[in-house]
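Could you build all of it, start to finish, from the sequences and the hints given here?
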Amino acid sequence: MSVFMIIRIAFKALSRNKMRTALTMLGMIIGVAAVITMVALGTGAQTSIDAAVQSAGTNTVIVSAGNFTQGGVRQGQGNASTLIPDDAVAISQLPGILYTAAGSSTRAQMVAGNQNWNTQAQGTDVDLPLINAWPVDDGSFFTTQDVTQAAKVVVLGTVVRDQLFGTDSEPVGQVIQIQHQPFTVVGVMASKGQSSMGQDRDDTVFIPYTTVMKKMRGVTFINNVTVAAAEASQVTAVADRIATLLRVRHKIAPGDPDDFMVRTIEEMASVRKEATQTMTALLASIAGVSLLVGGIGIMNIMLVSVTERTREIGLRMAIGARGRDVLLQFLVEAIVLSLFGGGIGIALGFGVAQGVTLWQGWPTAVSPNAVFLAFGFAAATGVFFGFYPAQKAAALDPIDALRFE
Amino acid sequence: MPTVISVKSLVKTYVVGEVEVKALRGVDLEVERGEFLSVTGPSGSGKSTFMHIIGCLDRPTSGQYLLDGQDVSRMTKDQLAAIRNKKIGFVFQGFNLLTRTSALDNVELPLLYGANGMKTAERHKRAMDVLKAVGLENRADHHSNQLSGGQQQRVAIARSLVNQPSILLADEPTGNLDTRTSIEVMEIFQKLNLETGITVILITHEVDIAEYGTRTVAFRDGVVVTDKQNTRRRMAQDELAALPAPTA
Ligand SMILES: Nc1ncnc2c1ncn2[C@@H]1O[C@H](COP(=O)(O)OP(=O)(O)O)[C@@H](O)[C@H]1O
Ligand SMILES: [Mg+2]
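Residue numbers (the working numbering), protein chains in the order written: chain Y, 1 to 405; chain L, 1 to 248.
None of these hints come from the bench; they were simulated from the model. Computed from a predicted model, the values in this text were never measured in an experiment. One or more of the hints may lead you astray.
[Claimed, not checked] Incomplete in silico selection of chain Y near chain L, CB under 10 Å:
1. Val3
2. Ser15
3. Met19
4. Arg272
5. Lys273
6. Glu312
7. Leu315
8. Arg316
9. Met317
10. Gly323
11. Arg324
12. Asp325
13. Asp397
14. Pro398
15. Leu402
[Claimed, not checked] Pulled from the structure, derived: some chain Y residues nowhere near chain L, Cβ distances all over 10 Å:
16. Glu266
17. Ala321
18. Gln354
19. Ala365
Just so it is clear, CB atoms sit at the ideal spot from N, CA and C, and this is done for glycine as well.
Rendered as structure tokens:
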């Protein structure tokens, strides 16, 4: 008997009980769809981290004050008082460095007329738009002179502009109150959109770091320094040079831990990527369990089906079906169930992933690998969980089967 | 006439737990080609067991069985399946049709096994031919649950004939049918037997149904007790002509 014939027989048998066939497939459908969706979410997150690295500039090195553990005490990164503006100046004079921007940030309440908004005020230097390749849309970024004079000037992110002045307004030249002090708006950044972590990067304002230090926070230290290496190939060397320089400047004895952290964007991204990978693996394995449950569902139904169709099996044997023919028929039925379930599941998973992107704005990417894997797993489930019932059917004695009530 | 079936000292013993049930205790019988043999006997006398062995569904515990001169008691399961497919047609008391399946598909079933590479059109044609032979050509698309008992049994007979077997084995084929329908089924058997020369073995516990055959063998406790040619054979065609037309 040809394989084609067996497939035909299996289809006919399955179409004889459509409701049951549909319900059996449902387990498989949900399992496969869950795996596809989870992997799509994970892959999407990874891709967007990659994109973020690209847009932040692969040459970027971030120096932050403090270390995760210092003197046995866990410290919030960037909150230590060990990094000072002169450190940033010294870093900028190291070889292989293109741009340097000292940073000091705080959250602040801003008011324009009767509108107000609370957001992150990023104190930084004039090089930041160059490091991030983030252009100014309207007006201009603040100047070196603004930084030396600790001028009360501000560059708005589009979200803050929208909140304070309304969408598409042109607030350059207007004055807003930040922490009850008047700041002149000198520019509006171009829209940058969401970060890979789902933060809205346009919900921010840029102020000279000197202004934030002296007039808003009243401190003499900075939180971080953002650096761009001249060449991508030098990033690690630059990071090492910065570390050596700061240890000397901070007079750290050999063997003592750093009081700062130097990380490249790639390092930071790889940490986050690892986290997403773990998360994805976790979610996918939970989804995998539902796939397994789907497979067990198929086995259960196939077992019921073998019992229910005992007389049919006996009859088929009486008219000439060999054990092998019966085995194949039930095996193919199970495989058809799981492959169809798998196919629909893939389509559904694809749809759900699209929906998540559409309604939640989360990045997703259905990878061919995941599709291949889910489909292969579905087929394997069919064979694995279909084999036992099929073998049970094939091992029936034709006479006992015919007599079965 | 050549001998189709030849059994010698056929014994079948079932072991149920500790108990041995001797279903057949030494049966000797020869059946010639073209015979219409009725096998009768009370319930439990071993008729079905005998048919299962003759039909290659089961193997004897001891004794010899030659089918067309071939010793089938030593064949493998797959060889027996091939013989059932090619040489033997079964008709059961309970029809055993596939549910939610058209009469045509039911009849085609034996062609799916063994008949390698037969074209769909060829299968349809052969199935239609046998459906015609049992008078159901206009019911080919009906599902089994849309057919009466007599019609279902006729579909089953068509199914048993589709591979042109040399032996037709029927185990209590009229057991679930009323008198008139029983006679109709007997008419088909007699006609097939007469026109195609197929050997028919009819198993029945009803003595009057046995009278449609050319010869009657009676079983009791696993042995043949009587074996005689039927002198006054009932002819289904004549009886049907004499009956009033069906009101349905
Ligand atoms: N599979 C079996 N296991 C045990 N005993 C059986 C089996 N099949 C038949 N028998 C026994 O063999 C005897 C003959 O049965 P059977 O051939 O079915 O008789 P009949 O068809 O004449 O009614 C009975 O006593 C029955 O109980
Ligand atoms: Mg019986």
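**Request:** Would you check whether lysine 273 of chain Y satisfies its interface hint, that is, whether its CB is within less than 10 Å of any CB in chain L?
**Result:** Nearest chain L Cβ about 54 Å off; hint violated.
**Asked** Does the CB of aspartate 325 of chain Y sit less than 10 Å away from some CB of chain L?
**Response** holds, 6 Å
**Message:** Take the shortest C-beta to C-beta distance between methionine 19 of chain Y and chain L; is it under 10 Å?
**Reply:** This hint is violated: methionine 19 of chain Y lies away from chain L, its Cβ roughly 12 Å from the closest one there, beyond 10 Å.
**Request:** Beyond 10 Å from every chain L Cβ: check whether that's true for alanine 321 of chain Y.
**Result:** Label violated. Min Cβ-Cβ 5 Å, cutoff 10 Å.
**Message:** Hint validation: arginine 272 of chain Y versus chain L, beta carbon distance must be below 10 Å. Holds or violated?
**Reply:** At about 56 Å, which exceeds the 10 Å cut-off, the nearest Cβ of chain L leaves the hint on arginine 272 of chain Y violated.
**Request:** For the hint on valine 3 of chain Y, just tell me whether its beta-carbon gets within less than 10 Å of chain L.
**Result:** violated, 12 Å
**Request:** Answer holds if the nearest beta-carbon of chain L is closer than 10 Å to that of glutamate 312 of chain Y; otherwise answer violated.
**Result:** holds, 6 Å
**Item:** Given as non-interface: glutamine 354 of chain Y, partner chain L, CB spacing beyond 10 Å
**Value:** holds, 38 Å
**Request:** Say whether it holds or is violated: alanine 365 of chain Y keeps its Cβ farther than 10 Å from all Cβ of chain L.
**Result:** holds, 44 Å
**Message:** So, as I understand it, the hint says leucine 402 of chain Y touches chain L; can you test that by seeing if any CB pair is closer than 10 Å?
**Reply:** holds, 7 Å
**Asked** Quick one, is the leucine 315 of chain Y hint okay against chain L at 10 Å, beta carbons?
**Response** At about 4 Å, which falls below the 10 Å cut-off, the nearest Cβ of chain L leaves the hint on leucine 315 of chain Y intact, so it holds.
**Request:** With a cut-off of 10 Å on the beta carbons, see whether aspartate 397 of chain Y makes it to chain L.
**Result:** holds, 8 Å
Hints 1, 3, 4, 5 and 17 from the list above are not met by this structure, while the remaining hints are.
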